[in-house]
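Engineer: If you want the building blocks of each chain, they are given just below.
4 protein chains.
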Amino acid sequence: MLSFAVIGAGRIGAVHAATVAAHPDARLVVVADPYGDGADRLATAHGARSTKNVAEVFAASDVDAVIVCSPTPHHVDHIVAAVRAGKAVLCEKPVDLSIERVDACLEAIAGKEDTVMIGFNRRFDPTFAEIHARVGQGEIGPLEQLTIISRDPEAPPASYIKDSGGIFRDMTIHDFDTARYFLGDIVAVSAVGQHLDPAIEAAGDFDAAVVTLTAASGAVATIINSRHCAAGYDQRLEAFGPRGALEAKNHTSTTVRFAGGSGSDAAGPYLDFFLERYTEAYRGELSHFIEAISTGTAPSPSLIDGREALVLADAATTSARTGTPSRLDRVATTA
Amino acid sequence: MLSFAVIGAGRIGAVHAATVAAHPDARLVVVADPYGDGADRLATAHGARSTKNVAEVFAASDVDAVIVCSPTPHHVDHIVAAVRAGKAVLCEKPVDLSIERVDACLEAIAGKEDTVMIGFNRRFDPTFAEIHARVGQGEIGPLEQLTIISRDPEAPPASYIKDSGGIFRDMTIHDFDTARYFLGDIVAVSAVGQHLDPAIEAAGDFDAAVVTLTAASGAVATIINSRHCAAGYDQRLEAFGPRGALEAKNHTSTTVRFAGGSGSDAAGPYLDFFLERYTEAYRGELSHFIEAISTGTAPSPSLIDGREALVLADAATTSARTGTPSRLDRVATTA
Amino acid sequence: MLSFAVIGAGRIGAVHAATVAAHPDARLVVVADPYGDGADRLATAHGARSTKNVAEVFAASDVDAVIVCSPTPHHVDHIVAAVRAGKAVLCEKPVDLSIERVDACLEAIAGKEDTVMIGFNRRFDPTFAEIHARVGQGEIGPLEQLTIISRDPEAPPASYIKDSGGIFRDMTIHDFDTARYFLGDIVAVSAVGQHLDPAIEAAGDFDAAVVTLTAASGAVATIINSRHCAAGYDQRLEAFGPRGALEAKNHTSTTVRFAGGSGSDAAGPYLDFFLERYTEAYRGELSHFIEAISTGTAPSPSLIDGREALVLADAATTSARTGTPSRLDRVATTA
Amino acid sequence: MLSFAVIGAGRIGAVHAATVAAHPDARLVVVADPYGDGADRLATAHGARSTKNVAEVFAASDVDAVIVCSPTPHHVDHIVAAVRAGKAVLCEKPVDLSIERVDACLEAIAGKEDTVMIGFNRRFDPTFAEIHARVGQGEIGPLEQLTIISRDPEAPPASYIKDSGGIFRDMTIHDFDTARYFLGDIVAVSAVGQHLDPAIEAAGDFDAAVVTLTAASGAVATIINSRHCAAGYDQRLEAFGPRGALEAKNHTSTTVRFAGGSGSDAAGPYLDFFLERYTEAYRGELSHFIEAISTGTAPSPSLIDGREALVLADAATTSARTGTPSRLDRVATTA
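Sequence lines, in order, name chains H, Z, S and E. Numbering of the first sequence is given in this note's numbering, commencing with residue 1 and proceeding in unit increments. Numbering of the second sequence is given in this note's numbering, commencing with residue 1 and proceeding in unit increments. Numbering of the third sequence is given in this note's numbering, commencing with residue 1 and proceeding in unit increments. Numbering of the fourth sequence is given in this note's numbering, commencing with residue 1 and proceeding in unit increments.
Hint data in this document are derived by calculation from the structure and do not stem from the laboratory. Keep in mind that a hint or two might mislead.
[Unchecked claim] Restraint-style ranges between C-beta atoms, simulated for each label pair:
| no. | chain 1 | residue 1 | chain 2 | residue 2 | range |
| --- | --- | --- | --- | --- | --- |
| 1 | E | P126 | S | E113 | 39 to 49 Å |
| 2 | Z | P157 | H | R41 | 23 to 33 Å |
| 3 | Z | Y35 | H | A110 | 53 to 63 Å |
| 4 | E | T324 | H | P126 | 32 to 42 Å |
| 5 | Z | A202 | S | T322 | 32 to 42 Å |
| 6 | Z | Y35 | H | P24 | 39 to 49 Å |
| 7 | H | P126 | Z | Y35 | 29 to 39 Å |
| 8 | Z | Q137 | H | P126 | 30 to 40 Å |
| 9 | S | D185 | Z | P198 | 18 to 28 Å |
| 10 | E | P126 | H | R41 | 55 to 65 Å |
| 11 | Z | S159 | S | Q137 | 58 to 68 Å |
| 12 | S | K162 | Z | R101 | 44 to 54 Å |
| 13 | Z | P126 | S | A158 | 35 to 45 Å |
The structure displayed is predicted, hence computed values, not measured ones. Where is the CB? At the ideal position from N, CA and C, for every residue including glycine.
Construct all of the structure, not just a fragment, from the sequences and the given hints.
Structural biologist: Here you go:
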């Protein structure tokens, strides 16, 4: 049984608070958010206490672990403060938008890396995890090509886009982690960005992109992103090897199919959005974190994994802007 | 917020106890089972108290509602005792194996029918419920043919079969309720039973069956049952009308598909068994019960629905044994 | 190389003429039809000669085989005349609407049965044939349940219905043959007919039906028919056994799937109608006929198979009208 | 009715000869091949004459059109000779492996471009053509992303690889044409080649590749290739736009699905290989050619389309070898 604090009472903080509250081995103790009454409402809903003073979380003697759901610019500070206070940390992605600050964070927590986990929740999605396990068991032979299609239902507002770090650090970062999860070290990144929506272009970002990653193994991953998708949250993946392919199809809320004058076999739209699509992944992520912290083993994905995904995002950003692939000048630490 | 007692700490009692414990508007107060230490273990797991004396449940002032998961022969006694004690009741199917006892039960609780619900959980499965709603909205026009395929993964032991009341009362009863849910009153029943497994035949039962139901509306439902299915728990349904068809496909645990030397597009086995397949249905059933009891409206399916499903099961049993269709000599009360 | 005459220049005659013309081992010599100029047009299209005098076909020295596509009441006369003239015969289903006349036909051609084949083309559909072969190889174990869903896109005109012999002899007859193809001898038939369309009821027929067939083996087949289907020609089949199930899904003209605001994975309508759905079956049927006649082996399905399907149609008609299952009073000759 | 000569009696020559022979508006007159007795056998099979002297084809007064199926290095010579002799030409892809020779060909036939068609048969595949038509009708809005997955069942022998011009000119060339068919002019090409099979690497080629094409419209196409695929000939395509996506799924020989202990919904392997997968495409291609030549309109894809696909293949080859994307220095002529 681990006692949790959640920092940040926004959308993703609410997900984690609810996941903790429902978990048999977790207890929600406190929710902290300096702004508005979000922390209060969230804490009340789950029988926890609230505070507007984040420092109270680190000082609290009844808190074992902290889930960092604050805005990205605060992530590093909250990680470091929590680790120094002897708390385990589960931090939302991305660690930060600056590699320098991530490196400073790594230095600050040196020796305590095994108490920090980064929230790349998709590794814990049962569908993706099943493919990962079957690939690991050799079912398709050595992985040769990985295709990830990842499209959000709708673009966020331009105001969000502006401070997001750009599509590669904000959205593709999940897919970069997925690619590393399947392929290990990446040695080259080539990205094409698309300007389809003038509002997003005006905010300085691409709204769609295709990224090609070459792994040290010789395998190649392709990531296809879009900020919009009419059918919902499009989350597919295909692992291909010499003995076969394993494909993750989209999820729908039921298995109903319609046949009529307009055609046949029509399913509903894709589960929309990440809260619905990745409900089980958040639960699995929390279980893994609790298990690792409780047994003193290193949780995964680690802060290093968070750093490597950001390295890929930076490389993709540069590649898309310059029209030149980026070769990564050092071999990344394997996941 | 409703306070619950669960009577019966077996497999299905455990499902209901866990569903109650996890429900935001429900509280598990007591688990009662006269045999062994099942009640104790189940109560402990969910922070409730336990008892071997079922009478305590009816006497308890902190119990609003009782979920009856005792063996079938006790259902009626427990319903009546609970209702007399002013408790609401959610009773597992079937109400009883004897129409006479069901009728006695109805008489005993006369005037309080709206406090009793029968656990035909499939009505609350999101896939079936979506089809029901879309049929209700006229998407396929008037329902003409309903096809239900319902196969268990494996036959229960012959010892269970012996006391089960036979396949129609034990297994098909769910499908009879589903047929009534979609088609309303049934006027004729024709059943063919199959003897494929000598052990089940020796226990006096069929192990597979096909039943045809004619509705008052002129629609026809076909139910195809088997006690075994190699691919798991086979739970399909198709509603067909002049403007189209709505089909419920089987559920699998992930959306992974494999393609290789052996073929393509291969999904995993069907969710196996009812606890996995109908997890959400149990939750939805409980929500409906709480909502109905809290607002003083009649929950559905009612005890009358439980009776009507048994009437169909009896008619099917007779038809399969005699080789003659049964006409129902009175128009059943509509669901 | 076999030389063919086609008798009857209607829709089905045109199919057979084109199939013969395109077949590498067949040659179309003459098309005969006493009415209108259909024979002339069809013959011209395929470089054959035409006649309004059907007797010429039997007299022609350059005709090896006759495909009988005349109206059903003429089938028996044309079979007998062709056989007496030493021609092989491929006759469209049904042989006749009267068992007495079929028996008279059998008597008339006694000793020459192996030169006559009945056009139950679905046996030669690659999808159904693959399932039949895999069942035969034991992939699912002994066949226990066979489910056939067979729905036409639209009802024929009432004028056609009137002389059709009724849904069981006209439409279900294909499914009866399919059931026998998979299950062998049938010992009991139970049918429910539906009156959904008043025009068809006025013409004295059902427009939908569910039939249950019990095989001597203990297996049960269920046939679900409708005269209309909004999504096209609905032709499905599922063979179920202890080790698995083999399902024939509907065919569409392409593999295109649409995902958008209305849902996902939407395919086109079903191939519509039998000419499209069973193109390959007609070709395979002809190849089998040519192979059998050329090598002096018995083609299958035989005239006996044609008779047995009619016996089942008669039994179903009686069952649907009386509400009582029909037991077949003799064990049918196995297919 | 057009009279055809086929030059080249190899595998693809046989396909075209058979397609011509079976086409109602085409007549196969002569098959020419200087080597062995292939021409003789092929001609005999279809009732045509044969020759080892290709020049006879151009001289023949009864030949309207020539299908060029000779080895690639002869394509240009055969096109030019045929056009000069006043014959229409359908030439297999690629036109040549050298842009200079293609340009010389264009110059040599100047003024007669509308009598030459290049055999990018996939444009005539009913599945791809349906998607193209629906995109053209605006069903998904402006095309934003096109994903093509194209994998051969097995790599050809190294001896073939050596003279093939490399994967991009030999295999991807089809996908380049498909990308242009959907997206029009391409302005940038980025390719990653993979060395997975040492034998193919030794032959100087990649055996898998991922190519990203940016269109003048801003749309991006991704092509994923492999020389092997355990499940058969993997030919998929997805067109994505703001209002939806249209996906071409793989084709299988039947619609049979298996469910059993190993899982559910398992289809057969993909149609294997191009003769099976694209049978209808060859037929449609021929019909289009006949229609265009007969009516004096320009057939499509044209020789210019053949040139543009080669430009993309060259650009991809350079990109994959240098690790740098290629910008196309001129706007290509639209298809």
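Engineer: Against this structure, judge whether each hint is valid.
Structural biologist: Okay, the hints, checked on the actual structure:
1. The hinted window of 39 to 49 Å between P126 of chain E and E113 of chain S holds, with their beta carbons roughly 42 Å apart.
2. Between P157 of chain Z and R41 of chain H the CB atoms are about 52 Å apart, so this pair departs from the stated range of 23 to 33 Å.
3. With their beta carbons about 58 Å apart, Y35 of chain Z and A110 of chain H fall inside the hinted range of 53 to 63 Å.
4. Hint check: T324 of chain E to P126 of chain H, Cβ distance near 41 Å, so the stated range 32 to 42 Å holds.
5. Restraint check, A202 of chain Z to T322 of chain S: a C-beta distance of roughly 34 Å satisfies the suggested window 32 to 42 Å.
6. Distance hint check for Y35 of chain Z and P24 of chain H: the Cβ-Cβ separation is about 26 Å, which falls outside the suggested range of 39 to 49 Å.
7. Between P126 of chain H and Y35 of chain Z the Cβ separation comes to about 36 Å, which falls inside the hinted range of 29 to 39 Å.
8. The supplied range of 30 to 40 Å is met by Q137 of chain Z and P126 of chain H, whose beta-carbon atoms lie about 32 Å from each other.
9. A C-beta distance of roughly 22 Å is found between D185 of chain S and P198 of chain Z, which places it inside the suggested range of 18 to 28 Å.
10. Checked against the hint of 55 to 65 Å, the pair P126 of chain E and R41 of chain H passes, with Cβ atoms roughly 57 Å apart.
11. Separated by about 36 Å at the C-beta atoms, S159 of chain Z and Q137 of chain S break the suggested range of 58 to 68 Å.
12. Between K162 of chain S and R101 of chain Z the Cβ separation comes to about 52 Å, which falls inside the hinted range of 44 to 54 Å.
13. Distance hint check for P126 of chain Z and A158 of chain S: the Cβ-Cβ separation is about 42 Å, which falls inside the suggested range of 35 to 45 Å.
Of the numbered hints listed earlier, those contradicted by the structure are 2, 6 and 11.
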